[in-house]
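*Asks:* Here the structure of chain W is known, so what remains is to put chain Z in place on it, guided by the hints.
Residue numbers (numbering that gives the first Met the number 0), protein chains in the order written: chain W, 0 to 264; chain Z, 0 to 308.
The hints are simulated quantities; they were obtained by calculation from the structure and are not laboratory data. Just so you know, even glycine gets a beta-carbon here, dropped at the ideal spot from N, CA and C. Some clues are possibly wrong.
As the list claims (entries may be wrong) - Here chain W is said to cover these stretches of chain Z; the calculated rule only asks that three of the stretch's residues, wherever they fall, bring their Cβ under 8 Å from a Cβ of chain W: (1) 100-111; (2) 127-134; (3) 138-148; (4) 200-206; (5) 214-221; (6) 266-278.
To be verified - Not the full set, but computed from the structure, chain W residues with beta-carbon under 10 Å of chain Z: (7) P38; (8) Q39; (9) P65; (10) F69; (11) Y71; (12) W95; (13) G97; (14) D99; (15) Y100; (16) D120; (17) P121; (18) L186; (19) S187; (20) F222; (21) Y231.
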Amino acid sequence: MLQKTNQAIQILTPQQFDTYLPKYDNFYIGSNTCPFLLPQPEIFQSYLKKSQKNKKRLTLLTPLLPNNYFEYLDKIIKIIKNNQAENIFELVFNDWGGWDYLKNKNIKLIAGIFIANQKKDPYYAHFKTKFDKICTYNVINNPLFADWLLKNEIDTIELENLGQGIALDNLKNLKINLYTPYIIFSLSRTCPLALIKQANNYLKIIKNCPNYCLNPQNQPLQFTNKYYTSFYKGNFQTYKSTRQIEKNRFNKIINNSLLLEPKVS
Amino acid sequence: MKILAPISRYTELPALIKNGADEFYMGIFSQDWHKKNQFYNHLNRRDNILANTTSFLEAKQVINSARKNNKKVNVVFNTDTIFSGTHQINNELKKIIEIKPDAIIAKDPIIIKLIRKLTKSLPIHLSSLDQVINTKSAQFWCKNFKINRIILPRNLTINEISNLAKNLPQIEFEVFIYDDNCSNIDGLCSSIHFMKPDGIEFVCEREPLYTSIDKKLEKNFQTIIRQKTLCRACFLSLFKEQKNIVSGKIVGRDRSARDKGLMVLFIKQAQNIAQNYPNHLQFQKKAKLLHQIIFKKNYCHICPYAPKD
Numbered sequence: 000m001l002q003k004t005n006q007a008i009q010i011l012t013p014q015q016f017d018t019y020l021p022k023y024d025n026f027y028i029g030s031n032t033c034p035f036l037l038p039q040p041e042i043f044q045s046y047l048k049k050s051q052k053n054k055k056r057l058t059l060l061t062p063l064l065p066n067n068y069f070e071y072l073d074k075i076i077k078i079i080k081n082n083q084a085e086n087i088f089e090l091v092f093n094d095w096g097g098w099d100y101l102k103n104k105n106i107k108l109i110a111g112i113f114i115a116n117q118k119k120d121p122y123y124a125h126f127k128t129k130f131d132k133i134c135t136y137n138v139i140n141n142p143l144f145a146d147w148l149l150k151n152e153i154d155t156i157e158l159e160n161l162g163q164g165i166a167l168d169n170l171k172n173l174k175i176n177l178y179t180p181y182i183i184f185s186l187s188r189t190c191p192l193a194l195i196k197q198a199n200n201y202l203k204i205i206k207n208c209p210n211y212c213l214n215p216q217n218q219p220l221q222f223t224n225k226y227y228t229s230f231y232k233g234n235f236q237t238y239k240s241t242r243q244i245e246k247n248r249f250n251k252i253i254n255n256s257l258l259l260e261p262k263v264s
Numbered sequence: 000m001k002i003l004a005p006i007s008r009y010t011e012l013p014a015l016i017k018n019g020a021d022e023f024y025m026g027i028f029s030q031d032w033h034k035k036n037q038f039y040n041h042l043n044r045r046d047n048i049l050a051n052t053t054s055f056l057e058a059k060q061v062i063n064s065a066r067k068n069n070k071k072v073n074v075v076f077n078t079d080t081i082f083s084g085t086h087q088i089n090n091e092l093k094k095i096i097e098i099k100p101d102a103i104i105a106k107d108p109i110i111i112k113l114i115r116k117l118t119k120s121l122p123i124h125l126s127s128l129d130q131v132i133n134t135k136s137a138q139f140w141c142k143n144f145k146i147n148r149i150i151l152p153r154n155l156t157i158n159e160i161s162n163l164a165k166n167l168p169q170i171e172f173e174v175f176i177y178d179d180n181c182s183n184i185d186g187l188c189s190s191i192h193f194m195k196p197d198g199i200e201f202v203c204e205r206e207p208l209y210t211s212i213d214k215k216l217e218k219n220f221q222t223i224i225r226q227k228t229l230c231r232a233c234f235l236s237l238f239k240e241q242k243n244i245v246s247g248k249i250v251g252r253d254r255s256a257r258d259k260g261l262m263v264l265f266i267k268q269a270q271n272i273a274q275n276y277p278n279h280l281q282f283q284k285k286a287k288l289l290h291q292i293i294f295k296k297n298y299c300h301i302c303p304y305a306p307k308d
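Isolated chain W (complex conformation) (with noise of 0.2 Å):
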């Protein structure tokens, strides 16, 4: 189904924010992956303010959460709602507890990448023959999936850019946000980054963090073999897909390459 497509923009910090805001309408904020890069309630205000005033739409991304953000989701809804928000502002979900704890609170809502759980190993890209049909579907190409997400009032969903494609087949009325370049293909609650930072000697829930991820000093690691190279940063692995993605085929484009990388690419 041919659709006009809308343009967003993955971003790390207010500077970012800044810098970006001429040359898009819709910034994404927050995390899918790390609860300690959410950000904290004044600076989550500071952006909605420039978002209304410059008239942008503003997502915030939440990752699995530990019970104790549910005072923090609190504190959102509460900005929202004193700045009557509600029509520039959407959050998307990767926690069922999340959405279940949100759906009734005139928000928009959004199932996140965590979701869909796309098969996101970056040798499927190069292994596509074998493996197309497995590796291009996921669990919102069952009818029945998406008739429960559209029966729940989640009409959208978003998914990454996988090397070796994305099946778009019975979506039914779906719509689908698309993340590119960068797919994370694995999580782990324990940082080593963190972990490193903190002398720590052996794998552990960290209970705080300064974002040591955010800091450019922190570069990623890096793996390459003959097919791919990924990237280790903070408490994620990514590979950046070089896929062309058909436009008009997805509600919203979001660039995240800012995520590796220190400008848009």
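*Replies:* Quick look at chain Z alone, frame taken from chain W:
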């Protein structure tokens, strides 16, 4: 807390029962599914024939024999419905229900709904792949899908497990008590974990191969990424008063019968220690020694659950 052991062959059952297993979980190799889908035989995320009973007939033997010994058997069916038709999935579910297991372990919300359409009475255990890490998620699944037990993911802190169990006393929980080597969130693992195409290693096996221009960071990274503990026996002591943590799961359907036997033996004896030594530190010292005797190594120095000096 019951000891939940993996089983993949009928012949493993007597030794596992003798060593102390209270409950079992298994995958079933489906010939029908294999014929139609070739290598895509991961209805339970382990397509390895060693990790599954060879047939529904063998699975039925396991269930009947376990039942004679008052032990329960749960069947793993934690796949996604990624194909456009659910007809095949429905057929597989019917075959599982026919052999009358004590529960099905499922992940996908549509599959859970299909199970409930086919049977109202068979208990459903929510797979750890659904990543229930907060009370709202637990309530979501139990309220909307009539889940009987939640298998908690392996990447929770002691406080998180404790809070879930205390805040939701009406829900049964299962924890991993002896694990495998993955430190990633397995429910979000988008590698097709049960397949090794052309001998290529799993995503988690590639982690120690990462390098950096910062050689100190690289060395620290490669060291820390290898610090993976299998043992979580401390849960036997820490949660023994928490009545709704009903089961401790041992990972390893594809492990050898000998390994499975040893893991069950260790956990059973550790459970006895936990009964006799209410003080956690005393328990840990005894359990550490026991682990050393059985497995010739221990993990307490790299375990986030073991008390540190």
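*Asks:* All hints are to be evaluated individually against the structure, with a verdict given for each.
*Replies:* Hint by hint, here is what the structure shows:
1. 100-111: Since three or more residues must qualify, the claim that chain W covers the stretch 100-111 of chain Z holds, with 3 doing so at under 8 Å.
2. 127-134: Holds, because 6 residues of the stretch 127-134 of chain Z bring their Cβ atoms closer than 8 Å to Cβ atoms of chain W.
3. 138-148: It holds, with 3 qualifying residues against the three required.
4. 200-206: Since 4 is at least three, the answer is holds.
5. 214-221: holds (count 4)
6. 266-278: violated (count 0)
7. P38: 20 Å, violated
8. Q39: 20 Å, violated
9. P65: 6 Å, holds
10. F69: 7 Å, holds
11. Y71: 12 Å, violated
12. W95: Given a least distance of 5 Å, the restraint on W:W95 holds.
13. G97: 7 Å, holds
14. D99: 4 Å, holds
15. Y100: Hint holds; W:Y100 Cβ to chain Z Cβ min 5 Å, cut 10 Å.
16. D120: 4 Å, holds
17. P121: Given a least distance of 9 Å, the restraint on W:P121 holds.
18. L186: This hint holds: W:L186 lies near chain Z, its Cβ roughly 5 Å from the closest one there, short of 10 Å.
19. S187: 5 Å, holds
20. F222: 5 Å, holds
21. Y231: 5 Å, holds
Consistency note: the structure conflicts with the earlier hints numbered 6, 7, 8 and 11.
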